[in-house]
Amino acid sequence: MLQTLSTASHLPANRNDTRGDRSVKARLTLVGLAGLLAVTSFLSLATGASDASLLAVIQSWIAPLTGGQIELSIRDSIIIHDIRLPRMVLGILVGASLAVCGATMQGLFRNPLADPGIVGVSSGAALGAVTMIVLGSSTLAPIAAFLGVFALPLTAFAGALITTLLLYRVSTQNGKTSVATMLLAGIALGALALALTGILIFMADDQQLRDLTFWNMGSLAGATWVKILAAAPIIIVVLLTVPFLAGGLNAMTLGEATARHIGIPVQGLKACAILVVAAATGASVAVSGGIGFVGIVVPHLLRLLIGPDHRYLLPASALLGASLLLVADAIARTIVAPAELPIGIITALVGAPFFLWILLSRRGFLDL
Amino acid sequence: MIEVKNGSVQIGKKPILSDIAFNAMPGTITAIIGPNGSGKTTLLKAISGDLPYGGSIRVHGREIGDLKPWEMAAMRAVLLQSSSLSFPFTIREVVRLGLTAGRTGASRSQMDDIVEEALARVDLQGFSARFYQELSGGEQQRVQLARVLCQVWHPVVDEMPRYLFLDEPISSLDIRHQLVILDIARDFAQRGGGVLAILHDLNLTAMYADNILVMHQGKVRDFGPPDAVLKNDLLQSVFECNLRVSAVPAGNNAFVLPQSVTTGKIHSSNV
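From first to last, the protein sequence lines stand for chains A and B. According to our numbering, the stretch in the first sequence is residues -14 to 353, in order. According to our numbering, the stretch in the second sequence is residues 211 to 481, in order.
Here chain B stands alone, though its shape is the one from the complex (with noise of 0.2 Å):
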C-alpha cells in the first residue's frame, strides 16, 4: 500500500504542494486528475522518490526517503510524461534496460523472453530491431512503457506487490493504444500490482480507475472512487470550465461532457 499522510513539497521557498493524503491500495487503479499546474506531477515524483518532501510517504510501510535507489526500483517503475534517449539504441536494447535492476536472477534466454514479451503487449511485436529515433512520439511512449513494465513484470514478488507510476500515458496515442495501455494497467492491478497514473481525459478515468484523486492548486480537493468524485460542481469548480457529468446507459459508467470555458450556470438553451 501506498501511504501518503500530511505530504508537503517546496521547491525553493515555494510551496508547491500541502495537505496531502491518501492511500493507494495494492490492486487497483488509481486516477490523478486536475487542472495544469495543479501539482499532478510533482506529487507524482516526489512519490517517486525524486523530491525532497514533507510529511509522510510510505510504500509497503517504508518511508520513501530512507530507500535507496536499487530498492525503490525494486518497488515501482516510472513512466515519465517524456522521455529522451542520447545515443541510438534499438527498441530491444533500450526496454532491455528496464531489467537493469533487481532481475539478477532471470537468465539471459528469460530475460529476452520478458522484453518480447513487453512488446507485444505494448503492440509493438516485430520492432526489436527499428531504432529508437525512428519511431514516431507515440510508438517512443510505447516503447518506454515496455521498459517500464519489464522492471516491475510480476506485480507481486514475495507477496509484495509491486506498482507502475504513469505521467500522462496516454497523452500521445490514438485512442487505440489509449485503450491498448490503460487494458495494460487494468491487467497489472487484477494480478495483484497497483497503478497511480496522471489522466486527462476523464471519461477513460471514469471507465479504468478504481479511485480519483482530484488535485487542485496543490491540495487534494477529493478522493474517492468515480461515481462519487465526478460531480457536475467539483468538476466545474477545479476546471473553471461548463461540463455535464451523466452516465452511459450500458454500464452505468460516469460520462462527462464538456460545453464551454465560461464558467457559472448553465443556461438552459445551451443543454
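Extracted from the complex, chain A is given alone in its bound form (with noise of 0.2 Å):
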C-alpha cells in the first residue's frame, strides 16, 4: 500500500488526456527540446572569457553565400572556430552520451538509479583511459602508436565494457536485477577502479600528472578538433543505434521473462545495450573526465514530462542532455572568469541534491 502511495504521489498529473497516450506531447517535446539546443548552442558560441564578435563571426560565415567577403580579425577568428565552436561541439556530444547512457542504463536495468557515474562505470572508463595516459608512452606504446588519437577512447570503452559486465553478472540473478545489489556492486566497482587509479597516478610523471588532475575532474576545456576526432565516430555511431533498442528496452519493463514472451531477443538487447553504453561511456570520459549525474537528471525530468516510452525518451533525452551540457559548461567558464571552474563540479551541486531527491520520492519502490 506505501509503495502504491509513494508511487502515485510522483507521477505526473495527466487527467484531462483521457486515453492515456503521451506520443503527440512526447513528439512536441522533441521539436522544443531541439529548438532549446540552438538556443544553447548559439549560447555556448557567444560566452566565454573573451568578448570576441560572434556576430561578425556568423556574418563571415554568411557572406560568402551571397557573394560578398567579410574581413574577420584573427582574433576573433581563433576564438570561435579552434575555441569555442569545438568546445560547443564537443559538449553536445558528451551530454547527448551522458544522458543516453543513462536512460539506456536505467532501461536495462528497470531501474531509474542507475547511472553509468553511480555504478561505477564511468571509473572503470577511467581507470582505462589513465592506463593509457600513464602506460601509453612506456609499457603500452605499441598500443598507443597502433590506435592513434582513438587510444584513449578505446581504453577507457574497455574500462567501462568490464565495469558494465561484472556488474550486470553480480547484481542480475534468474533475470532479475536486486537495486541494493546493483547499488552496493557499484559502489564496490568504483572503489576497486579508483584504488587501481590511485596506483596508476602514484606511478605518473610530473606532466602526466598534470594531464590527470585537470581531466579528472571533468571539463571540457582544451576541447580540440583532434579531440573530437576521436569520440564523435563512437558517439554518432551509439546514438544512431539506441532508437533500435528502445521497443525492446520499453518490454524490458515488465521484466526479463514478459519481454521474452512478447517477442523481444532479451539476451541480444542485454548485449548491445551494455556495448553501447559502454561505448559511449569510455569515449566521453576519454575526452572530458567524469562529469556527474547528466544521465540521472537528464531522463528523470523527462519522464515526469512525457512518460517513459523509449521511442521517445532516448532522443529527448540526447537533445536535453546536450543542452544541459552546454548551460553547464557556460557557467562553468564564465562565474569565475578568466579562470574557469570544472564543468563536474557544476553537475555535481545540481545533480547530487536531484539524486536525493529522486530516493526520497521514491522510498517506498526500493528494495534496500
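Think of the hints as simulated: they come from the structure by calculation, not from any bench. Incorrect hints may appear among the rest.
With the Cβ distance kept under 7 Å, some of the chain A side facing chain B (calculated, not the full set) [what the hints assert, rightly or not]:
| hint | residue |
| --- | --- |
| 1 | Q44 |
| 2 | A236 |
| 3 | G240 |
| 4 | A242 |
| 5 | G253 |
| 6 | K255 |
| 7 | R296 |
| 8 | A337 |
Being a predicted model, the structure only gives us computed values, none of them experimental. C-beta: ideal position from N, C-alpha, C; glycine also.
Starting from two chains that each stand alone, build the complex the way the hints lay out.
As C-alpha cells, then:
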C-alpha cells in the first residue's frame, strides 16, 4: 500500500488526456528540445572569458553564400573557430552521450537510479583512460601507436565494458536485478577502479600528473578538433544505434520473461545495450573526464514530462543532455572568469541534491 | 495443437518434471491443477519457452526449442502469476506493449482500437489514462491480461491457431472478475484459439475446462475431461485432504465440496 501511494504521488498529472496516449506530447517536446539546443548552442558560442564578436564571425560564414566577403580579425577567428566551436561540438556530443547512456542503463536495469557515473562504470572507463595516459609512452607504447587518437577512447571503452559486465553479472540473477546489489556492487567496483587508478597516478611523472588532475575533475576545456575526431565516431554510432533498442527496452520494463514472451530477443538486447553504454561512456570519459549526474537528472525529468516510452525518451534525452551540458559549461567558464570551474563541479552541485530527491520520492519503491 | 511427449525439466541437477505427456487442442480450454509445488508453473514455463527441457514440446508441429522469441510471440501469449512494471506507464501504454511483435500490418488507429477493445473485455473501460502503479493488484492483473490478449488478438491467423498460457489468471480477482476472465478464455477457445490455464478453484475448473491435467510431484497424475478426472479418490490423494465430488443438479457439472485437511475415510457423521 505504501508502495502504491509513494509511487503515485510523484506521477505526473495527466488527467485531461483521457486516452493515456502521450506520443503527441512527446513529439512536440522533441521539437521544443531541438529548439532549445539551437538556443544553447548559440549561447555556448557567444559566451566566454573574452569578448570575441560572434556576430562578425556569423556574418563571415554567411557572406560567401551571398557573394560578399568580410574581413575577420584573426583573434576573433581563432577564439570562435578553434576554441568555442570545438568546445560547443564536444559539449553536445558528451552531453547527449551521458544522458542517453543514463536512460539506456536505467532501461536495462529497470531502475531510475542506474547511471554509469553512480554504479562505477565511469570509474572503470577512467581507469582504462588513466592506464593509457600513464603507460602509453612506455609499456603500452606499441598499442598507443597503433590506435593513434583512438587510444584513449578505446581503452576507456574497455574499462567501461569490463565494469558493466561485472556489474550485470553480480546484480542480476535469474533475470531479476536487485537494486540494492546493483548499487552496492557499483560502489565496490567504483572503489576498486579508483584504487587501481591511484596506483597508476602514483607511478605517473609530473607532466602526466598535470594532465590527469585536470582531466579527472571533468571539463570541456581543452576541446580540440582532434579530440572530437577521436570521440565523435563512437558517440555518433551509439546515438544512431539506441533508437533500435527502444522497443526492447520498453518491453523490458515488464521484466525479462515477459519481454521474451512479447517477442524480444532479450539476451541480444542486453548485450547490445551493455556494449553501447560502455562505448559511449568510454568515449565521453576519455575526452571530458568524469562529468556526473547528467545521466540521472535528464532522463528522470523527461520521464515526468513525456513518460517512460524509450522511443521518445532516448532522443529527448540526447537533446536535453546536450543543452544542459552546454549551459553548465557556459556557467563553468563565466562564473569565475577569466579562470574557470571544472564542469563536473557544476553538474554535481545540481545533480547530487536531485539524486537525493529521487531517492526520497521513491523510498517505498526500492528494496533497500 | 500443443504436443508434449516424454517432457522433463531439471533445474540444476534436481529433476522437477518427468514423463510429461499430453496434447492440448485448439478450440479448447485445458486446465492444469495440482497442489502447490507440483510443477504446474514449471510446466507452463517450459511450454512458454522459458526453460531448457528434455523430450519433445511441439506447437503447430514445431519444436519450441528451435523457435526464436519473435516466432514464439506470434503463436502464443503468456500471462505470468505476478507481473511488475518498473516505470510509470499509463494503462494504455502497457496494453499497447502487447502489440510489439507480429502486428506490423496493423495501422496506428487499428492498434488503438485493439487496445480499447482489450480493455473493455477485461472490464477496464475508461482506465486507459490511469497509471499502472495506481491500480489495485486485481486491476493490474486484468491490465496484464488485456496486454496478453492484444498479442494473440485473432485466435486464428493464416489458419494457424494462437494460444493463451495463463498462470493463475484469477487468483487475485473478485468473483465477478473471475467469471469475466474465464468467459474471455472460453470465448477465445470458441473462436478457435487454445487456452492452457493453471487454476486452483476446482469448481470453476469443472465449469470451464474441456480437459484437466492433474499434476502431482512433477508428474501427470491424470488427464481428461472434468467428469472423468474429478473423482473423490484421485483428488483426495493428490491434494491430501478430504473433499467430496458431487453434481450440480442443473447442467450436471461436477461440484467439489471441501471438508477437512485430514485425509482418509470420511466419517459418516461428517457427511
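Kindly indicate which numbered hints from before are broken by the structure, ordering the numbers from low to high. 1, 5, 6, 7, 8
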